[in-house]
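Asks: Below, each chain spelled out in residue letters.
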Amino acid sequence: MRMRRWRWLTLISLLALVAAACSPSGSGDTTTPVGTTQPQTTEPPGTDAPGTTAPTGEAVEVVWVRGADHPEGQAFIAVLEGFTAATGIEVNYTGLGDDLPTILGTRVENDDPPDVAVLPQPGLLRDLVSRDALMPVSQAVLDGLGANFAQVWTDLATVDGSTYGVYFKAGNKSLVFYDVAAVESSGITLPETWDEWVSVSQELVDGGFTPISVAGADGWTLSDWFENVYVRTAGPELYAQLTNHEIPWTDPSVKTALETMGELIGNPDFVNQGTAGALQVGFVDAIVRVFGSNEAVMIEGPGDIAGIANTEVGAVVGTDLDMFAFPSIDGSPGAVLGGGDVAVALTDNPGAMALLEYLTTPEAVESWAAAGGFTSPNQNLDLSAYPDELSAAVAEGLVNAEVFVFDLSDLVPAALGGTAGAGIWGQLQNWLENPGDVDAILTELEAEAAAAFGG
Amino acid sequence: MTMLAPRSAPPVEDMVEELTVTRRLVKFFSRGVVQFVLIVVALLWMMPTIGLLVTSFRQPELYGVSGWWQALVDPSQFTFSNYSSLLTDRNLIEAVISTSAIAIPSTLIPVVLAAMAGYALAVMPFKGRDALFLVVIGMLVVPLQMALLPAFAIFRGLGISGLPAIWLYHTAFGLPFAIFLMRNYYAGIPLSLIEAARIDGAGEWTIFRKVILPLGFPALASLAIFQFTWTWNDLLVALVFASDQEPMTLFLRNRLGEFTSGIGIISPGVFISAILPLVIFFAFQKYFEAGLLGGSVK
Amino acid sequence: MTSVEATKQRGARFGVALLFLGPAVLVLLALVVWPAIRTVYDSFYDSAGRNFVGFQNYVDMFRFERMRIAIRNSFIWVIVFPVLVTTTGLVLAVLSERVRWRTAFRLILFMPAAIAILSSGIIWRIMYETDPSRGAINALLNVPAAIINPPGNLQGTAPSTDDVILGDGGLSTTVEIGADGGVVRLGLLRIRAEDLPESTIQAADPVAAGAGTLSGVVWRDIRSGDNQRGVVEEGELGVPAVTVQVVDSAGTIVGSAGSGDDGAFSIDGLDPGTYSAVVPPAEFQGSWGGISWLGPTLITIAAIVAGIWIWGGFALLVIASGLAALPRELQEAARVDGATEFQVFRRITLPLLTPVLGVVFVALTINALKMFDLIVGIAPGSVQDEANVIALEMWRTAFTGLGNRGLGSAIAVFLFVLILPVMLLNIRRFKLDEDRR
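Chains as they are written, first to last, in this note's numbering: chain A, 1 to 455; chain B, 456 to 753; chain C, 754 to 1190.
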């Protein structure tokens, strides 16, 4: 009998939980009505919470990757609040996480797209255009792009003559961060050319250091390496052709680039844990191994590394951590490899286009730049908006680059450039495991590229 | 066979008394070995969980530096900050509620439907019954992924979204196994019980409620535990249908993002998410003893 | 009973059965059967589901190494995993019957099932860390290795000049002892200045110290700025506490000494002639790097082990409850008749348990085929290719980026076709069971 009562008690308490979950106040809705206080859950029951009902009126539904509780998500919400303050248009924000492409694809397929999406990969922009899911930007947005951005950013958002989006957030991926203490104690001079980089690395090895930390478990770090080398050995024209698959991956220029890259990160002595061992090391882990456990001296990557090194192991810019630009190869001009997030409109809600227009202005992103961890491609954003010298230098390098190319793996179809363990990422990981096997890897990569572009 | 059993039982007691010293020694020795083996297995089985538990109470920045067992010799590495920061995180509380809102109906609905269907398939004679059951067995192996996209379209057509969509989808893919189990369990129930009730003039529904459900309770409880763990821990369905929910699995996954190592959030998060299934399991484990498959073994 | 009545009765029964079955059948039709048919249909269309492409998706599917590996791995899973887990569950269920703390034991083993599979993947990633100082499994394996071959002080170092050779016999070079003695310089690289003891000072360049004496230095042959290999320069540090032996041509150790804070050592009493100066191999013994469990070669095995950990408790519980339901009398009777425990188990317990084992086996086979979140959780991005299984490949195809609906559907259909034999086997066994009833 006692057991019986237990049973009912459990059941009733469970049902109560369900009821709690279904009631609007406890709803697990991750949509954040911008303008209410943070965190989003403090909204009292009974208030008009647009996020829990279908978007009404002029409210603009915006989606991106970061959740509302993530620092980056909060920084973006601050930008959206600025938009609401400037225009009076309400915005609801949802962070979709890494599944944004899938959720977006499904919602588009079912004719229920959000008004504005911020796409983490430009390849998505093309895919969405091919499914007739995007609205071309208005003349006002085009004017804003022309006034504030280098032409390359407009071109990146243009498919078949129509422009679809605003790149308001960018990343400079041609940076090498290093452990200041290790560089000082080993007495090396920072390299300005590739050959110097190789000899400095040998010097570090001789001195008992491991020069480079490679995050082989995250394939995109390897494609960043490859793209940085390729744009320097092959030049921006071939880079563009390879991006569009106008030359195959079996082209000799690709082989040259991989072999050049092999001089540095194909050498097991130069890579922390060895080349094959590096395949187990994730991006954050790779950073911690430089600035936390001091296993290696340098790491190549995006500007975010400084912030991560700071949050993870308390590395301070200038005293513990500093950076140099990715060295030139055989006198190549200073090239910057960049990535970016592009805002696109998926509905004809006028608020959507107004938001894109707002995002072209330098004022829109000032607060985010000040919050740190953010780089704007906006030429008219004053460098003093950035919180420290290093992030200002990262932004300056991006805006003033002699040659600027966009991350190739972001531009090709996702099956080739955006799938963990497959395509470019996967094949470069195979290369890292066995750096001598260039031809076989490029043959398989070309097969995948042909399928991705053919399909 | 079973008729003979009670008669042969008393002599066994006598025989036990007469066991020789050697046999007892052998028995004692082999029991010692069994004890030892099981202790080792239990320790091995607990090690990964303990590893995570210790990690969850350890300063997260130490993860990249040394193994979790170091904390066992150096207690200064322990900290409550992982939990204190996570437990004040409203998103976590919402995630727990959201997971419950998904898992509980996703458990109760298929269990009830399966009890009904299993009873019909086991006891009621009708044409095509076995064929129908074979189809259900066939559905056991239809991969969950196979129906995701078309199902999404169906839900939209019917105007169903969010929680109800998840409930229905879990119900659909939990049903084949649930029906399979319940049918096998009920097939083991003596027909005489049902016949007796029928002779007393009870209708099918009354028989189901008064006889079948109580008889099947151990199987239902076990089934409920399984279905509950599966739905509680599901990632894939939530990923596709949970547009307005962030259950624990998504909560954890979204924090595995590439720019946060997140071990200080993930390790305590895993433990918090495991608490409710364990409580349910302990609350119902008595019925496990009665036997998930008591019926089919007879 | 007249035939009319019988028909009526049957009609009524059928109606009742329909009431009981209706809801379940409706849900299954709408959300399993119809979508599955739709998936077959979609598999003949392109990525967005717009244009008919015939069998193109089925051809494309096999163009990649990735898919072939996925097929291979899925076969490994289906063949190995259910057998291992069922056996584990059976053995542990039978053994745990004999101990008083069986409930506690079973609960301990079942615990992993309460943890999300994704989380279990994370847990095992922590366990499988390659570096023995971080991964518990390699740390356990490292204990005997570290006792037999403790890592030496000079592990990871390399000689700075070509005439000094590092091999299995340790570090060695040829030295000549002449009329006024001999000199040897053992330069080392790949050793950090801060890893040397604090007492270390500037290396002393050896000078010949008279007949019968070998003067030498072991030093870190690198400094900031310009470097000349094999030359002891200002700013280069000695390597202290290194044992150096002098070995004659017959292989006999004729003298030995340890280096000082300046790296200098000297060995007396040597007849003129040719010797080898040797640093014993133990000094260079590397620490064990650990097995790369999550590397491309072992990942599937590693994942299956994690799978056993997750589902072993489930198998144990189900089989144990089956055991509990067995009539004890039969076994006791057999024991009385003199049967050994093993005979009782094989002849009586096992046959009675077959239906339960069948259920467990079916459930595990299904799990093996649908295996996907464990792989997502446990395999680092770099080995997802090598750990790939069909269910995961389908998910990756259909849900990466905007998703390739056509190809994803085709892989789903392919998976289903592969599963068919398993299904037919199940149905057959079920029929046999029924006939036996």
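A hint or two may mislead.
With a straight-line Cα cutoff of 20 Å, these simulated SDA-like cross-link-like pairs (lysine to any residue) come out [said to hold, decoys possible]: (1) K582/B / G775/C; (2) K582/B / P776/C; (3) K255/A / A240/A; (4) K582/B / T966/C; (5) K255/A / D143/A; (6) K582/B / V778/C.
Some residues of chain A that are not near chain B, with every Cβ distance over 10 Å (derived) [to be verified]: (7) D69; (8) E109; (9) D112; (10) T154; (11) K255; (12) E312; (13) V313; (14) E389; (15) A401.
Take a look, some chain A residues computed to stay more than 10 Å from chain C by CB distance [as the list claims (entries may be wrong)]: (16) P71; (17) S130; (18) N148; (19) S332; (20) Q429; (21) L432.
To be clear, the hints were calculated from the coordinates, so they are not data collected in a lab. From the three backbone atoms N, C-alpha and C, an ideal C-beta is built for every residue, glycine too.
Asks: If a hint holds in the structure, say so; if it doesn't, say that too.
Replies: Tested hints:
1. A distance of roughly 15 Å separates the Cα atoms of K582/B and G775/C; the hinted pair therefore holds under the 20 Å criterion.
2. Distance hint between K582/B and P776/C is fulfilled; the C-alpha atoms sit about 19 Å from each other, no more than 20 Å.
3. Using a Cα cut-off of 20 Å, the hinted pair K255/A and A240/A holds, with the two alpha carbons roughly 16 Å apart.
4. About 105 Å separates the Cα atoms of K582/B and T966/C, which puts this hinted pair outside 20 Å; it is violated.
5. At roughly 42 Å between alpha-carbon atoms, K255/A and D143/A are farther apart than 20 Å, so this suggested pair is violated.
6. With a C-alpha separation of about 16 Å, the suggested pairing of K582/B with V778/C holds against the 20 Å cut-off.
7. With a minimum CB-CB distance of about 5 Å to chain B, D69/A fails to clear the 10 Å threshold, and the non-interface call is violated.
8. E109/A, annotated as away from the interface, has a beta carbon of chain B within 10 Å; the closest lies near 8 Å.
9. With a least CB separation of 8 Å from chain B, D112/A falls inside the 10 Å interface cut-off, contrary to its annotation.
10. The claim that T154/A is not at the interface with chain B holds, since no C-beta of that chain comes within 10 Å of its own (minimum 28 Å).
11. Residue placement check: K255/A keeps its beta carbon more than 10 Å from all beta carbons of chain B (closest about 29 Å).
12. Against the 10 Å criterion, E312/A falls within the reach of chain B, whose nearest CB is about 6 Å from its own CB.
13. Listed as a non-interface residue, V313/A fails to keep its Cβ farther than 10 Å from every Cβ of chain B; the least gap is roughly 6 Å.
14. Distance to chain B confirms E389/A as a non-interface residue, since its nearest Cβ pair spans about 22 Å, more than 10 Å.
15. The claim that A401/A lies off the interface holds: its Cβ sits roughly 24 Å from the closest Cβ of chain B, which is beyond the 10 Å cut-off.
16. The beta carbon of P71/A is kept farther than 10 Å from every beta carbon of chain C, the shortest such distance being approximately 23 Å.
17. A beta-carbon of chain C is positioned within 10 Å of the beta-carbon of S130/A; the least distance is around 8 Å.
18. The beta carbon of N148/A is kept farther than 10 Å from every beta carbon of chain C, the shortest such distance being approximately 29 Å.
19. Even its closest Cβ contact with chain C, about 28 Å, leaves S332/A beyond 10 Å, as expected for a residue assigned away from the interface.
20. The beta carbon of Q429/A is not kept farther than 10 Å from every beta carbon of chain C, the shortest such distance being approximately 4 Å.
21. Non-interface call for L432/A relative to chain C: violated, since the shortest CB-CB distance, roughly 8 Å, does not exceed 10 Å.
Taken one by one, the earlier hints fail for this structure at numbers 4, 5, 7, 8, 9, 12, 13, 17, 20 and 21, listed in ascending order.
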